[in-house]
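Chains as they are written, first to last, in our numbering: chain A, 1 to 109; chain B, 1001 to 1116.
There could be a bad hint or two in this list.
[Claimed, not checked] To spell it out: a stretch of chain B is covered by chain A in this simulated footprint if at least three of its residues, at any positions, have a beta carbon under 8 Å from a beta carbon of chain A; those stretches are:
1) 1043 to 1052
2) 1105 to 1116
[Unchecked claim] Listed below are the simulated DSS-like cross-link pairs for lysine-lysine, each with C-alpha atoms no more than 30 Å apart in a straight line:
3) K96(A) with K1066(B)
4) K1020(B) with K1041(B)
5) K1066(B) with K1020(B)
6) K1066(B) with K1041(B)
7) K1020(B) with K42(A)
8) K1055(B) with K1(A)
9) K96(A) with K1020(B)
10) K1064(B) with K1020(B)
11) K1(A) with K1014(B)
12) K68(A) with K1(A)
13) K96(A) with K68(A)
14) K1064(B) with K42(A)
[Unchecked claim] Computed beta-carbon distance windows for the label pairs:
15) N1070(B) with T26(A): 31 to 39 Å
16) E1059(B) with S70(A): 23 to 31 Å
17) D1065(B) with G83(A): 39 to 47 Å
18) T45(A) with K1014(B): 30 to 38 Å
19) E17(A) with K1014(B): 18 to 26 Å
20) S1015(B) with S52(A): 43 to 51 Å
21) S28(A) with E1059(B): 19 to 27 Å
22) S1018(B) with P40(A): 27 to 35 Å
Don't read these hints as lab results, they were simulated from the structure. Just so you know, these numbers come straight off a predicted model, no measurement behind them. We put the CB at the ideal spot given by N, CA and C, even for glycine.
Okay, here's what each chain looks like letter by letter:
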Amino acid sequence: KQEVTQIPAALSVPEGENLVLNCSFTDSAIYNLQWFRQDPGKGLTSLLLIQSSQREQTSGRLNASLDKSSGRSTLYIAASQPGDSATYLCAVDGDKLIFGTGTRLQVFP
Amino acid sequence: GAVVSQHPSRVICKSGTSVKIECRSLDFQATTMFWYRQFPKKSLMLMATSNEGSKATYEQGVEKDKFLINHASLTLSTLTVTSAHPEDSSFYICSARRQLNTGELFFGEGSRLTVL
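Given these sequences and hints, build the entire structure.
Here it is in structure tokens:
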């Protein structure tokens, strides 16, 4: 059974810092991995999708890497801003999309 | 980009009533849709996988007689919470897969159910 864990569970940083969010999964037989953002009480916003054959994806200040063999993915946020404050979820897709435990990020001015 | 519409976004009902939540893929055909449930400050928990034209596959611990899922067309899946109780109050989110297996998943905005 796939288990997805995210570290840290919560993070509070001042504006401008570069951040790394971690995601680990137990079953490497996946099609892809996605990173999402969720604002309080809201739905999900897809940030990045990494196919199993890829090692990383970039979008603006976001960079996500995937090491399938070790069961790890990282989301790198450069020059964090208060607007980045949200919960970040990784999700592993191997027939079913299984979500991680989430990282609650707060960026203060 | 692909759009998934979920309706209603908020619903309040009395205990014992049934509530239906719709999930529609607006600009693509979705052979598979997934239903998730989210408790406050928790991650999303997969409830069931809905395949068009066949019975849904439920995750362990999810009561299929309580959470009825119908996927009658390639663009619509419905989740019906039957005989709702306060403990069913939660945030329900659907997602639709655009292509088989490796296709990206797109999510609805979610439906917040409050059972009084």
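- Message: Run through the hints listed earlier and report the numbers of any the structure violates, in increasing order.
- Response: Violated hints (numbers, rising): 11 and 19; every other hint is consistent with the structure.
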